[in-house]
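Trainee: Chain by chain, the residues:
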Amino acid sequence: MDDDRLSIVLFSGTDDRLQAAATLISGAVAMGRSVDVLLQYWALDAFRADRINKDHGVSAEAGVEGAAAMRRQREREHGTWVDLLHQAKTLGEVNISACSHSMEMLELTRADLDRLVTNVHGIATFMATATGPITFI
Amino acid sequence: MTIEQINRSIDARGMPCPGPLLSLIGAIREGTVGDVIEVLSSDEGSKTDIPAWIQKARHELVAVTEEDGYTSFVIKKAR
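For the protein sequence lines, the chains are A and B, in the order given. Counting in the numbering used here, the first sequence runs from -3 upward without gaps. Counting in the numbering used here, the second sequence runs from 3 upward without gaps.
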């Protein structure tokens, strides 16, 4: 078992959660860990090539103040979660895969996805790599 | 203390975590052995993140200086 792997399942497709995930992923890879990411449901939808750079809103728990904080952060132009993921990929091994079940549900093909997504996997393939604890966001 | 010649300075003030660290990593990758890089960061997390990464990546933390509202890190690329 490779203790240095970080396995993350992304379910939510809002910008606050995706920003938090991208921070976690980039920090892990900066410190030498390999990262496997599986995109499900609304997170997968956020990675569509034609939507990835659009505003994905914030989760309900953010409230009005949280939404304003996210807006301020965006206006400072220090990069989005998309930029952070591209940067993370230059630092080490970051595998971002789409869940085949979610692909079918959303009626997507590989051509619909942003180039950050490199594979489409069934859950067993992801589990074969994700030997340690799984972080679910 | 030896005064090091700074080869590159990165102003990462205002950048949230992990921006300053990633900027440093990028500069280290682009540099050559012996280069001295300065990073200015107002992110509180950088105070522990940058030394932790330097230790793991086996570079040299030459100086850390607390300024008004930010921290200056001076790093030498060791390998």
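It cannot be assumed that every hint is accurate.
[Claimed, not checked] Between beta-carbon pairs, the in silico distance windows are: (1) B:Gln7 to A:Asn115: 19 to 29 Å; (2) B:Ser74 to A:Glu71: 19 to 29 Å; (3) B:Gly47 to A:Glu71: 18 to 28 Å.
Derived by calculation from the structure, the hints in this document are not laboratory data. Note that the Cβ used here is the ideal one computed from N, Cα and C, for glycine as well.
Trainee: Hints first: check each against the structure and report whether it holds.
Mentor: Here is what the structure says about each hint:
no.: 1; hint: B:Gln7 to A:Asn115: 19 to 29 Å; verdict: violated (46 Å)
no.: 2; hint: B:Ser74 to A:Glu71: 19 to 29 Å; verdict: holds (26 Å)
no.: 3; hint: B:Gly47 to A:Glu71: 18 to 28 Å; verdict: holds (21 Å)
When held up to the earlier numbered hints, the structure conflicts with hint 1 and nothing else.
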